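Each chain is listed here by its residues.
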Amino acid sequence: MKSYKLNHIQQLESEAILIMREVAAQFEKPVLLFSGGKDSICMAHLAKKAFYPGKIPFPFLHVDTGHNFAETIEFRDQLAEKLGIEMIVASVQDSIDQGKVKEEKGPRASRNGLQINTLLEALEKNKFDAAFGGARRDEEKARAKERFFSHRDEFGQWDPKNQRPELWNLFNGRKDFGEHFRVFPLSNWTEMDVWQYIAAENIDIPSLYFSHQREVFKRDGSYLAKADVIQNFDDELIEEKTVRFRTIGDITCTGAVLSEAASLEEIIQEVAAARVTERGGRADDKRSESAMEERKKQGYF
Amino acid sequence: MNTKTQDNAYLNMDLLRFTTAGSVDDGKSTLIGRLLYDSKSIFEDQMEAIEESSRNKGDDYTNLALLTDGLSAEREQGITIDVAYRYFSTPNRKFIIADTPGHTQYTRNMVTGASTANLAIILVDARQGVIEQTCRHSFIASLLGIKHIVLCVNKMDLVDYSEEAFQKVIAQYKEFSSKLDVPDVHYIPISALYGDNVVNKSEKMDWYGGATLLYTLENVQVNSDFNHVDSRFPVQWVTRPQSKEFPDYRGYSGRVAGGVFKPGDEVMALPSGFTSKVTRIHNYTEDLEEAFQPMSVTMTLEDDIDISRGDMIVKPDNQPNIGQDIDLMVCWLNKQELQPGGKYTIKHTTKEVRCIVKEVKYKVNINTLHRVEGDSKIGLNDIGRIQIRTTEPLFYDSYKKNRSTGSLIIVDEFTNNTVGAGMII
Ligand SMILES: Nc1nc2c(ncn2[C@@H]2O[C@H](COP(=O)(O)OP(=O)(O)O)[C@@H](O)[C@H]2O)c(=O)[nH]1
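Those protein sequence lines, which keep their order, are chains A and B. Count the first sequence with our numbering and you get residues 38 to 338, in order. Count the second sequence with our numbering and you get residues 137 to 561, in order.
Careful, some of the hints might be misleading.
For lysine-lysine, the following DSBU-like pairs were computed, each having C-alpha atoms within a straight-line distance of at most 35 angstroms [said to hold, decoys possible]: (1) A/92 / B/413; (2) B/176 / B/340; (3) A/85 / B/337; (4) B/451 / B/537; (5) A/162 / A/278; (6) B/487 / A/85; (7) A/42 / B/340; (8) A/212 / B/479; (9) A/263 / A/212.
Since the hints were made in silico from the structure, they are not lab data. Note that the structure is a prediction, hence the values are computed from the model and not measured.
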């Protein structure tokens, strides 16, 4: 008898597409949160596939901290044009200028915490009722219990003790006025799955992910990129290294890894051999053991 | 997906979803930690974090169980309270673990974890043997249609790795499980703490000639768990670009819920009953020769018939049941009891309808599997048989025949919460 078989990547793709279509059907005004990283680039690719030959039936939203890598912004604008979608940009700088949030000061200043406010405001202003996020359950302990459809109250908050049970592939997106959902189509993907998918589907990703020469300095055991928006301690030495990034977030807290991996195949080999999680390089997670969970409760991606 | 790239070894991996169950302190967290650790799925920074936690707590060994502890509330209380998902892979297979906690709300959590699982690992303590909880876990696994159970007899180190102790547990389990509907049961003596027969074969149990747990997980055949016989395509989304490039295109998108569809197949749309022929099946720009469960595809038909979300495309010679009076086993997930005569919303495939609870037929005592007739109180973590009447007909199969077209969830119309899980009889 013929065996009808899908490999793990095909099964994950099928699941993610199912979820995207479900959101388009169940919600009035969905939006895709685009961070510029590989996970949100994968989501954009899945959205393109899910609705073809129709257009992607929702806009993208980028919360721009003003501390992004230049490559991220350039890539974002090109992608929006290629897909023919609307890219809404919500600026943390605007929130700071309007006095809605206060900027941290000093060498360790990060705008990570400030994003939450800008994000929630953008969701509310545009009346978005579902927001796709690229988070994966394998990234961090606090995410292991996250649902595909994650309910947020009228303050945009997540209550880990009061999540709706999620069974089979039946997703309950019912909500009261003012509430919204975060939806995570890549929940079941690992870092490796994402790379394998990018390779299998030939998806374009920013050059930051591939090995390149860059001026960096060492802080708390990881390399950070030299940047105008980072204030350096006196003893921090700027050196040129061959590096790449495993995740892309704010330039102030995204650690680079020393790497010669210049192609997708080489990256996959490197990920397979890696001994540290990809978030291991992120200064924002190191602040405390429960850092991520705290940020999530407040409405972080 | 591009078929050329399938030559790459990593694209030949398949996927196994399993759930783990055991009562408190049977060693479930230790076992999962051991599986992750011995299969080299733990990263250095994760290991350092738990080594530090162990030191802070004053443990004199690194507690692998901490690897699977998620939320801070739980860390404080030292308990697991919700289903958590973990991932690891070996060269041939990717694994998704639905880790279900053993405290209160247990049934609810296990039902949730089991709903998407192909296999269940059930742990028993070698010293205690089969207990009430073991029966309950096994019953839920069987009710949720899991076809493979691995009974891990844990803490073998505490019974001197004795074959006799192991055989005694197996005999107890066999007697009980003959009442269940699980075709494939494996028995493995392990020590999660020391790693015997988890990933590596134990040197202390020469008498055991069977496979290790990891080997079993890697080799159990799960592909046949999908239904490739009864063709079902619940329409999820209608694609009508009305663009210059595709002015007249009309495609039906969804995930195949059973059987196989091919271009040229004669199909029927429900509820209208109109028939047509499949002209094309595609995933993005790639044309497919066939689509089967669980592929997400888009299908076009020869005739312009009216089909919308919630409808189902099937084959004329193999139709699902169509009806409004539906018998089901329900597992209740909410503190507020099921209301006989109450009205709820249900979600079934891509369809959402309202229903009224006509009758509670009986409740199941999930420890003894006996029916409790006349008890119509179905509260949190209870399982019972009920009959509902829906406002519109559903297109369904029995859960036994098809986990996709045989399952539904019950939603409370006031709180919007998912309050029940239903398996159609
Ligand atoms: N001797 C022995 N102790 C074990 C074994 N597996 C787990 N334990 C211990 O049993 C206790 C409960 O284990 P844990 O994994 O937290 O159980 P859970 O409640 O099922 O997750 C802990 O003290 C473990 O160290 C085993 O194979 N042998």
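Each hint, compared with the structure:
no.	hint	result
1	A/92 / B/413	26 angstroms, holds
2	B/176 / B/340	23 angstroms, holds
3	A/85 / B/337	47 angstroms, violated
4	B/451 / B/537	16 angstroms, holds
5	A/162 / A/278	43 angstroms, violated
6	B/487 / A/85	24 angstroms, holds
7	A/42 / B/340	39 angstroms, violated
8	A/212 / B/479	18 angstroms, holds
9	A/263 / A/212	45 angstroms, violated
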